[in-house]
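**Q** The primary structure of each chain is shown beneath.
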Amino acid sequence: MASAFDCSPASLPDHPSVDNVEGWDSLNHLKLILAVEQAFNIRFSTAKIPDLTSFEVLLEEIKSARH
Amino acid sequence: MKIAFLSSYTMDLVAERTRYLLGAQKIEVELYIAPFGQYRQEILAPDSPSRQFAPDIVILAVEGGELISDPDESLKLIQQASTSYPTAQVLVYTAAALKPQVLEFLEWNSPESHRLAMARFNCRLAESAQQTANLKLLDLQRLLEQSGSDNLLDNRFYNLALMPFGNIGIERLAQHLVNAIMALAGKRKKCLVLDLDNTLWGGIVGEDGIEHLKLGQEAGVRSWLEFQRQLLRLYESGVLLAICSKNDEAVALDVIDKHPSMVLRRSHFAAWRINWLDKAENMKALAEELNLGLDAFVFLDDSPHERAYIKSSLPEVTVPELPADPSDYAMFLARLPYFETFTLTAEDKKRGELYAAERTRKTLAESSVSLEDFLKSLDITITLEQPNQFTIPRIAQLTQKTNQLNLTTRRYTEADIRRMAESNGWKILAVSVSDRLGQSGLVGVAILALEDKTARLDSFLVSCRVLGRGVEEALLSAAAFAAFECGANGLKIEFIQTNKNSVALTFLEKCHLHRDDGWYLIDRQDDLQYPAWIKIENEQGPH
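Quick mapping for you: the protein sequence lines, in order, are chains A and B. What the first sequence shows, in my numbering, is residues 1 to 67, in sequence order. What the second sequence shows, in my numbering, is residues 68 to 610, in sequence order.
No lab work stands behind these hints: they were computed from the structure. Treat the hints with caution; some may be incorrect.
Said to hold, decoys possible - Examples of chain A residues toward chain B, derived with CB under 10 angstroms:
no., residue
1, 8
2, 11
3, 43
4, 45
We put the beta carbon where it would ideally sit given N, CA and C, even for glycine.
Bound conformation, chain B alone (with noise of 0.2 angstroms):
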């Protein structure tokens, strides 16, 4: 990774210090630090040393008073920024205070306030930064206040060389460095598994009873409710939360369920392991269901004893050292980096949702008499979609991705779909599936190619999560009656192997259709049905 350091004032050994925090990280770092004072130079010359470099990142540090000095022209220059470094991701510091000032408080109660000035200014970068991709502010003002402006500024340092920070400024601007360079990456951890027992509520719900739980709003118990307040937050944002807890299931669930108190409910956890079984096998089960890496998971666990056993039989589970007090809990969640981002997805916001369904189809698939009766209880519904300017992207994503129900593996992009899409010789089918849990989205792709008399089955996928509950049965149908009203007499459909479609060669042959010659044949003869549980529609109402 290659990162580039602007300043007005010395960043060099904050710089090098990122350099090596990201080094353990496994990110290794090339880095380009201009003198200081020649932002201006480095951001405007077209052939500036830092534009040469070509940097993945770029570090804008500018010091508060200088940028408000002209906001126009430093607001112009940010911009500006962004377009000099095209294929760089350029983090810009806000203004903040980083030299003394006299006359406290004439900041705010008059128009020549500096603090004013910069909250202004601030405002008009937020803007700015929001409405380009690749302009993001970092908050200095923050580190400042967390961390207390008298122990990260050195005041003889700025003097010597022009740097405002002493040895813990150094450090705590490396480390708000490297975990903002670290969500830019993607590296944001995806599941926040939780014990239950002084870590979502106070007490221990098997011996002191619900009742007797600490979690309300009364004096010494509203830490609990602060910290589910913060956990909430986070899965409004795409993470997923999990529970590991040694507790008898019911008795958890029921407070969970049934407490007044409770901010989180059934609903929003992903997968939950509550028994008394050894934690780091409950720990993998969990990854195994949740379908992720054990890197992806952060274990919180007021016990420091089961901190120490995951932490050492499961390595690759992040384990932070929770503190003692649960007046603390909250404001440590708020400092830990493992889930920060830039910017949350339609997608982030959703995640939530859809893994709760998913576990409520689990749990209903393995509680139903038969498949059939599961399948009735669901009341999936097959929209058939027309290729247009929404679901041509996904289409052809479903394309690059699907590998395993996919009968040809042909890639499409987009504009190959675009194509086909516009033109007499091709049909194109895409479904999209719900049932009564939530919307699973577009999963399925038909492409036809109608070549004579016969129409040939080019491309056939669905997506893996909707497996087995007869939305291939019904697409395979769709594709056929698309064929015949095309004017086609059949639909001739090939299997081309891969090592990972077995599947696929698994559900054509459960359709028992006639062959030659290495085709698959379906002719208008054929007793063509729709699965009996599904109910299909085209965007505009029933089919």
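The following block holds chain A by itself, in its conformation from the complex (with noise of 0.2 angstroms):
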């Protein structure tokens, strides 16, 4: 996440989401689905995409698409 929004780590809140997150504009959104598509070897559909948008969404994507 934080590579994608091109700042550190321990700079993102708690619970990161496109809500409280400067650098998470629609760009940066691509290019985090990009790098965890590529990360964890998953695809997600067009219409889920558009609602990753926090980290707690994103990690019960993940795991449950790993399932």
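Mind docking these for me? Both chains are given alone in their own frames, and the hints should help you get the complex.
**A** Next comes the structure, spelled out in structure tokens:
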């Protein structure tokens, strides 16, 4: 997440989301999704991608995709 | 380096990845990424942000279908881009289909074909680019073919953000741009060093013997032929080829000279070290012989062990991982970015020959009984040239670049040379040299200032390429003769010392000229000669 948003991990709030992270714009959102897909070898549907707007939601999705 | 991205689709992630990869090549990049769809305004508005950005490189990416919706307009716009960014190189992606099209077999077989329209457009675009110095084309279609559009494109991101590419596509496009920019920035490597056994041919000549080497048209051995053919193509484009191999030199050269299926012959190699010594030492020796830095070298060897050794002993040498299967050699070579270039100069096309000739001269020198025998065997001809529109640029360049055999190190521009050539108070002599092994081109300049009864040798310089063969002696005699022809009684010569031209003083002293108050003098009484082994000609014929 920090690498997608070009900031330090320490600077991220406890519950990062589009609402409380300044660098989380639409382009960086795509960067994040691309990075997550590559790192965990998963693929999200088009409809789901815009909804993955917080760390918790993403984590849930990654977990369920890996089952 | 400032790079501007103009596009009809989202290129932000490609741009950022390109910047990152160029950073790894020690090129710091500042980016301007125009909002997608804004490319027309950026190009046409005189004070658009990209024009104010004053980029060194402009990348123009417009989807193929959009380009051909109005081909004339698109071509005009692209041409306009080359003038909107006069100090930049404008790189334009050719029209390629990034969006799916139904009705595959109508393509090419009907006038409604999109592919046909794109091909026609690309042809016109290519003609335009070849006539425009700062317009270059990038073949997006080739990228899609090589890696497969299925692998590069991602419909989800096109849907969500008008970005056609997924992870692999972004990486591939960024790498492609890096290769293009490195080629434009003149980072082309200069020399490809090759191993022999199992690299240029199949088998080990020392063990199998020349008759049993795998090289030819037959099944299973064609790959080395293809590989050599592509190497030849590199040679013809000005890349130097060299050999570094653990072998008996005579045995190896025998294959190169005599094997009927060899594509590359001795004359294609600028230098070689074929022996049983350490390969890293050999590589350094090659660098010295060719007067190149190790960072100009790329080394191909089938042995992972040898590759690893060179990689660790000589980190400046680029050592690509040649694939294990020789069937893949030619394609691997085709995909190496190190020799890419956008233009071929006349000098590029002749470089191989020049180096081969120089190699032969060196060998002759080593095997000649005496220096004079060697020089005689070269059949050296010196041509006295007049300053004219063709020679003036080279004359000026020589005054600017020659540091060693240069008596006074006066630097002149083309305008200066032209002015002196047109004036009665000056006489400019230039010499070009050729011998039976090749031409060295224009290599010496003497500039005489015709002041009263004694002419002054304002400049006297000879390129270090041809020193030691009598050219400098001949030029000095020619300068004196020219002074007398212009009515002077003598030629006075001065030496202005720099920290690079001690060889010029050595030459002058060797001529044993009269001295007078710091000047060296030649007058009509002196017995001026041209060296016996040199033939002197004017452009019109023998002197």
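**Q** Taking the hints in turn, state whether each one holds.
**A** Each hint tested on the structure:
Contact between residue 8(A) and chain B, as hinted, is not supported at the beta carbon level, the nearest pair being about 18 angstroms apart and thus beyond 10 angstroms. For residue 11(A), the shortest C-beta to C-beta distance to chain B is roughly 20 angstroms, which exceeds 10 angstroms, and the interface hint is violated. Against a cut-off of 10 angstroms between C-beta atoms, the interface hint on residue 43(A) holds, since the closest Cβ of chain B lies about 9 angstroms away. Annotation: interface hint on residue 45(A) holds; nearest CB of chain B at approximately 8 angstroms, less than 10 angstroms.
Checked against the numbered hints given earlier, this structure breaks hints 1, 2; the rest are met.
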